[in-house]
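Trainee: Listed below, chain by chain, are the residues.
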Amino acid sequence: MTAISLRGARLSYGDRVLWDSLDLDVEPGEFLAVLGPNGSGKTSLMRVLLGLQPLSSGTVEVNGGNRAIGYIPQQRALDQSMTLRGRDLVGLGLDGYRWGLGVRGRAARRIRVDAAIESVGATRYADSPIGLLSGGEQQRLRVAQALVGDPTVMLCDEPLLSLDLANQRVVSELIDKRRREAATAVLFVTHELNPVLPLVDRVLYLVGGRFRIGTPEEVMTSATLSELYRTPVEVVRVRDQILVVGAGACEEQTHHLSAGAAS
Amino acid sequence: MTFFDLLALDFVQTALIAAAVLGLVAGALGPFIVTRKMAFAVHGTSELAFTGGAAALLLGVGVGYGALAGSIIAAVLLGVLSRRESDRDSVIGAILAFGLGMGILMLALYKGRSSNKFGLLVGQIVGVDSTDLQLLVISSAAVLAVLAVIYRPLFFASVDPDVAVARGVPVRGLSIVFAVLIGVATALSVQVVGALLVLALMITPAAAAMRLTASPVRAIVLSVVFAEVAAVGGILLSLQPGLPVSALVTAVSFVIYLVCRGIGAVRTGASRAA
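Protein chains in written order, with this note's numbering: chain A, 1 to 263; chain B, 1 to 274.
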């Protein structure tokens, strides 16, 4: 069974079409990178998969629905004085959406939370105030927060943004490990393909209502990107890196799920 | 009269029960208010409770009901008008100023005893009668029951809103429900410490508790304990010298806050040095 399935999916706001006739199947264990400039509908695609945004037409199916999705957001500076430990953050990923105090089953809950924290190597600082941790440590806990619910799909929204290279590698390897061990499908929204290039099976590239799906070799070519951007774009391979010149594709991304629709 | 003679008085006992109930509610809500950075919203809501109370005084209905109506209307208005967090401050400022002005107008039109007017601003817990106490206990139980039901999603939405939205938590709806809870709790506090000093029970104990621990559950427990000490302790201290209750409640609350800040600073310093 496919993890994610979109058929003839269309999303538009008034006259503005973000994407149309989008057919996409993501298999269990597959790593799909979603690329594209600001406003191309990457965040909206995630909102659709999370069930927060209805499609204008077409169908979407996520195996297991919202509850089976692990979501990893961008790293953001957290308030230093926040009354929250890493352990609490991870616990919220398990049952934070449930009503009630959650008094029952606390022992079983603790075992699962501990296991998730250990799987990302965050045991040492899981009881520290989260605002005092480094960005890399916070993102590891974010991965644990997404994993603790035993997801069939992981939606990653620029999880490497504002991390240094070493931590980018640590976090992307943790995500990769999960999909290999548990066949979790990964949908990875990013504006920077290179840090995850060795892990990527396929790319979905969105530009101004047009899109291409394929392996990085198929999509990341001068011809394909020039067609998508409708302007000459040069794709250069340097060692094992892909450089895109002239598309303005590497601009800093600022988008939030909660900030609304069209961003 | 000795301290114990005073304790035996009916109205003193009613006041102590009212303070204990209030400490529980204010202490439990406090950490959420501080996390959500809503101290100013509480202040604005309490001013509108004052307006509601003044209106009730003028109309000759129970001040408690008027305060309740005023602060719930305020809470809903704030929830609806400040859709974006960046709007919240200015919306509160605008509503607060207008509400306070209306309250003063209504007090000016009121021809009754002036101590009733003053009580709305600085509290008159020794004037709480058994009907008021009944309203207080029932409303408090309702607030705590709703808080227990929404506890986990509210906590999720307060500390981690982006992921909460992604996981389908109704973040917007919760913030309106929580605003109403604040409204009810504020209206109740107004009777004890008055509109001007509500922050002493709703914010200060929680802010103090959060200096001591990073555990959310421990923060709530400590916040309740501090609020109880401030509310009940403030009344006990005020009895013998016959000083205003609100002055002592806020003083106790503030001393606890200073001590906790001190402990927090020493600890942070120690962990940095280690």
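The hints are simulated quantities; they were obtained by calculation from the structure and are not laboratory data. It cannot be assumed that every hint is accurate.
Restraint ranges, calculated between C-beta atoms of paired labels, are given here [said to hold, decoys possible]:
#1 A:Leu243 / B:Phe40: 44 to 50 Å
#2 A:Leu243 / B:Phe254: 25 to 31 Å
#3 A:Glu118 / B:Phe4: 55 to 61 Å
#4 A:Arg106 / B:Gly264: 46 to 52 Å
#5 B:Arg261 / A:Asn66: 40 to 46 Å
#6 B:Val146 / A:Arg124: 52 to 58 Å
#7 B:Phe98 / A:Lys177: 56 to 62 Å
#8 A:Asn66 / B:Leu9: 54 to 60 Å
#9 B:Leu243 / A:Glu118: 40 to 46 Å
#10 B:Leu81 / A:Asp20: 34 to 40 Å
Every value quoted in this text rests on a predicted model; they were computed, and no experiment measured them. Quick reminder that beta carbons are idealized off the backbone N, C-alpha and C, glycines included.
Trainee: Could you run down the list of hints and mark each one as holding or not?
Mentor: Hint check:
no.	hint	verdict
1	A:Leu243 / B:Phe40: 44 to 50 Å	holds, 49 Å
2	A:Leu243 / B:Phe254: 25 to 31 Å	violated, 60 Å
3	A:Glu118 / B:Phe4: 55 to 61 Å	holds, 57 Å
4	A:Arg106 / B:Gly264: 46 to 52 Å	violated, 28 Å
5	B:Arg261 / A:Asn66: 40 to 46 Å	holds, 41 Å
6	B:Val146 / A:Arg124: 52 to 58 Å	violated, 38 Å
7	B:Phe98 / A:Lys177: 56 to 62 Å	holds, 58 Å
8	A:Asn66 / B:Leu9: 54 to 60 Å	holds, 58 Å
9	B:Leu243 / A:Glu118: 40 to 46 Å	violated, 56 Å
10	B:Leu81 / A:Asp20: 34 to 40 Å	holds, 37 Å
The structure is inconsistent with the numbered hints 2, 4, 6, 9, although it conforms to all the rest.
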